[in-house]
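Quick note, the sequences are listed as chains A and B, same order.
When we follow the working numbering, the leftmost residue of the first sequence carries the number 1, and every step to the right adds one.
When we follow the working numbering, the leftmost residue of the second sequence carries the number 301, and every step to the right adds one.
I should point out that these hints are in silico values taken from the structure, not numbers from a laboratory.
One should not assume that every hint holds.
[Said to hold, decoys possible] Just a few of them, taken from the derived set where beta-carbon distance is under 10 Å, the chain A residues facing chain B:
1. Val4
2. Val73
3. His106
4. Ala137
5. Asp138
6. Phe262
[As the list claims (entries may be wrong)] Residues of chain B clear of chain A, computed beta-carbon distances all greater than 10 Å:
7. Ala335
8. Ala375
9. Leu395
10. Ala417
11. Gly419
12. Ala439
13. Gly449
14. Ser457
15. Asn464
16. Leu481
17. Val483
18. Arg487
Note that CB positions come from ideal geometry on N, CA and C, so glycine has one too.
Take a look at the letters that make up each chain.
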Amino acid sequence: MNDVTRRTALKGAGATLGAAAFAHALAPLTEWTEDLSLDAFLQRHYKELTPSDMKAVLWRLEKDAKREYGRDVTIQDLPPQEGVSFGYALNLSICIGCRKCVEACHQENNHDRRTGNSYIRVLEMEQGSLDMERGNADYDHAVPAPGKYYLPVQCQQCDNAPCVKVCPVQATWKEQDGVVVVDYNWCIGCRYCEAACPYHARRFNWTKPEVPAEEINPDQGYLSNRIRPQGVVEKCTFCLHRTRAGRLPACLEACPTGARVFGNLLDPKSPIRWVLENKRVFVLKEELGTRPRFFYFFDK
Amino acid sequence: MAETSSIPLLSVLVALTLGGCDRDVPRRPQPAPGATRGVETVLVPAKLTSIESGEVDALGQPLRVPCVTCHSLKAPARMPDAPEALQAFHRGLQLRHGTNACTSCHQADAPQSLHLATGEPLPMTEVVTLCSQCHGPQARDFRAGAHGGMTGHWDLSRGDRTRNNCVSCHDPHAPKYAGALPVMPPRPLHPPPESESHAHE
Numbered sequence: 001m002n003d004v005t006r007r008t009a010l011k012g013a014g015a016t017l018g019a020a021a022f023a024h025a026l027a028p029l030t031e032w033t034e035d036l037s038l039d040a041f042l043q044r045h046y047k048e049l050t051p052s053d054m055k056a057v058l059w060r061l062e063k064d065a066k067r068e069y070g071r072d073v074t075i076q077d078l079p080p081q082e083g084v085s086f087g088y089a090l091n092l093s094i095c096i097g098c099r100k101c102v103e104a105c106h107q108e109n110n111h112d113r114r115t116g117n118s119y120i121r122v123l124e125m126e127q128g129s130l131d132m133e134r135g136n137a138d139y140d141h142a143v144p145a146p147g148k149y150y151l152p153v154q155c156q157q158c159d160n161a162p163c164v165k166v167c168p169v170q171a172t173w174k175e176q177d178g179v180v181v182v183d184y185n186w187c188i189g190c191r192y193c194e195a196a197c198p199y200h201a202r203r204f205n206w207t208k209p210e211v212p213a214e215e216i217n218p219d220q221g222y223l224s225n226r227i228r229p230q231g232v233v234e235k236c237t238f239c240l241h242r243t244r245a246g247r248l249p250a251c252l253e254a255c256p257t258g259a260r261v262f263g264n265l266l267d268p269k270s271p272i273r274w275v276l277e278n279k280r281v282f283v284l285k286e287e288l289g290t291r292p293r294f295f296y297f298f299d300k
Numbered sequence: 301m302a303e304t305s306s307i308p309l310l311s312v313l314v315a316l317t318l319g320g321c322d323r324d325v326p327r328r329p330q331p332a333p334g335a336t337r338g339v340e341t342v343l344v345p346a347k348l349t350s351i352e353s354g355e356v357d358a359l360g361q362p363l364r365v366p367c368v369t370c371h372s373l374k375a376p377a378r379m380p381d382a383p384e385a386l387q388a389f390h391r392g393l394q395l396r397h398g399t400n401a402c403t404s405c406h407q408a409d410a411p412q413s414l415h416l417a418t419g420e421p422l423p424m425t426e427v428v429t430l431c432s433q434c435h436g437p438q439a440r441d442f443r444a445g446a447h448g449g450m451t452g453h454w455d456l457s458r459g460d461r462t463r464n465n466c467v468s469c470h471d472p473h474a475p476k477y478a479g480a481l482p483v484m485p486p487r488p489l490h491p492p493p494e495s496e497s498h499a500h501e
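With these hints in hand, go ahead and build the complete structure from the sequences.
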């Protein structure tokens with residue numbers, strides 16, 4: 001008689017399938033790379049890290065930066081401030097499209113030097129049009145050009161943020177002070193958020209960022225400008241490593257025309273509140289219901 | 301045998317569960333902004349108290365000459381109506397500021413200082429007050445922190461803030477903000493293909 005019964009054959013097939021599925025589940029381990037340490041792999045979600053966990057994580061990241069980029073950096077994890085809710089406004093009557101903000105962001109946030117990445121994109125717009133999809137981000141002539149105005153677009157820190165909703169792993173969320181952040185160590189790089197953002201405000205790290213040691217900004221934040229790993233999404237954080245320490249964002253300080261206004265929306269005496277109460281402000285793509293915290297206004 | 305092997309697994313599960321408990325430590329937010337201790341100062345650009353000489357000093361820095369170097373020693377000639385009449389000093393000055401004459405802002409007999417519309421003298425360093433007489437909306441926005449830009453701290457309980465002066469950005473003699481070539485020119489995402497046309501020959 002044949003010893004192989006139908007039962008044994010099915011058992012064998014099932015076991016094979018099970019083993020294959022198990023091997024497939026473990027496949028990421030076979031692609032283990034040198035730049036991913038065990039600690040980094042096992043690191044929990046930002047919100048689950050205890051203060052002592054975070055201390056160890058920051059220590060490890062500082063050590064990694066030293067090893068990979070040859071620079072001593074300080075990475076902090078500044079929490080939001082009680083009673084602070086950030087808002088930003090930009091005066092389109094004053095902006096001349098010089099892209100100094102783009103450059104300041106590039107330097108402050110340790111962006112990849114080769115691609116010239118930045119969280120800000122300045123769009124050259126036809127006067128009379130408010131459709132940012134028709135803006136030109138590749139202008140390269142003396143500014144301001146006649147008949148044009150300039151619309152700098154960065155993360156609008158929406159209160160109803162589409163990017164947060166689509167993240168399958170909750171690697172991006174809104175903080176108490178209104179800033180939408182990314183845990184770069186939790187992001188899986190699916191880029192859903194990038195597709196969901198109506199303001200094209202998110203950037204993907206296609207390659208490992210290249211920044212010469214002497215150009216690295218050593219004042220870094222875990223949720224903001226630390227050098228991002230390859231394969232994760234990043235975005236403007238209103239420079240939270242600066243603004244949560246009471247300082248102004250880098251793009252605002254760099255603006256040579258003073259078109260940018262930043263502050264605490266909960267402080268009735270703040271410049272941002274004055275703008276909201278006294279200027280005719282608008283938000284981009286209001287009809288989408290994203291409720292941005294980034295406002296635009298014209299003087300007249 | 302099966303029971304003994306499940307003990308390590310069980311202990312791992314217990315450890316994970318217990319380990320999970322102490323992770324519920326709430327993140328302590330930073331305290332709210334406190335009383336205002338920082339100060340807000342308005343920049344006083346060097347051009348309000350000195351002028352470029354066109355020379356460089358031993359360190360290669362542009363050498364500036366304080367206004368008082370000349371204006372305290374020498375009784376100035378009476379101020380001309382237009383800058384083209386300047387013969388000895390400040391030659392080549394362009395005035396493109398509405399229909400103003402030199403004496404609209406400068407004191408006729410003491411050109412290193414200014415005067416208000418009332419005729420009341422005003423030190424050069426208080427130029428913001430002078431500008432505000434005509435440029436009301438800008439002055440209002442400036443006072444509110446919505447014009448002119450700043451550096452330092454948004455939160456004055458944690459540090460100081462420096463405001464730009466009117467003349468930091470605007471040349472008082474030709475105040476329209478000059479344009480410039482933008483920085484960070486666009487770069488191609490992909491480098492241009494290398495002599496691909498040869499392949500088709």
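With chain B as the partner, please determine if Asp138/A meets the hint condition of a C-beta pair closer than 10 Å. holds, 4 Å
Given Ala137/A as an interface hint, is its Cβ closer than 10 Å to any Cβ of chain B? holds, 7 Å
In terms of Cβ atoms, is chain A entirely out of 10 Å range of Ala439/B? Ala439/B is indeed farther than 10 Å from all Cβ atoms of chain A, at 13 Å.
Is the nearest Cβ of chain A still more than 10 Å from the Cβ of Ser457/B? violated, 7 Å
Just checking, Leu395/B versus chain A, shortest CB gap more than 10 Å? Given that every Cβ of chain A is farther than 10 Å from that of Leu395/B, nearest at about 22 Å, it holds.
Taking the least C-beta to C-beta distance, is Val4/A closer than 10 Å to chain B? violated, 28 Å
Over 10 Å from every CB of chain A: does Ala417/B meet that, or does the non-interface label fail? Consistent with the label, Ala417/B stays out of reach of chain A, its closest Cβ about 24 Å off (over 10 Å).
Val73/A as an interface hint toward chain B, with CB separation required under 10 Å: Violated. Min distance 21 Å.
Does His106/A pass the interface hint, meaning its C-beta sits closer than 10 Å to a C-beta of chain B? Holds - the Cβ of His106/A comes within 10 Å of chain B, reaching about 7 Å at its closest.
Proposed interface contact between Phe262/A and chain B, which counts if any beta carbon pair is under 10 Å: holds, 6 Å
Would the least Cβ to Cβ distance between Leu481/B and chain A come out above 10 Å? Given that some Cβ of chain A is not farther than 10 Å from that of Leu481/B, nearest at about 6 Å, it is violated.
Take a quick look at Asn464/B and tell me if its Cβ sits farther than 10 Å from every Cβ on chain A, holds or violated. violated, 6 Å
Going down the numbered hints, you'll see the structure goes against 1, 2, 13, 14, 15, 16, 17 and 18, while the others check out.
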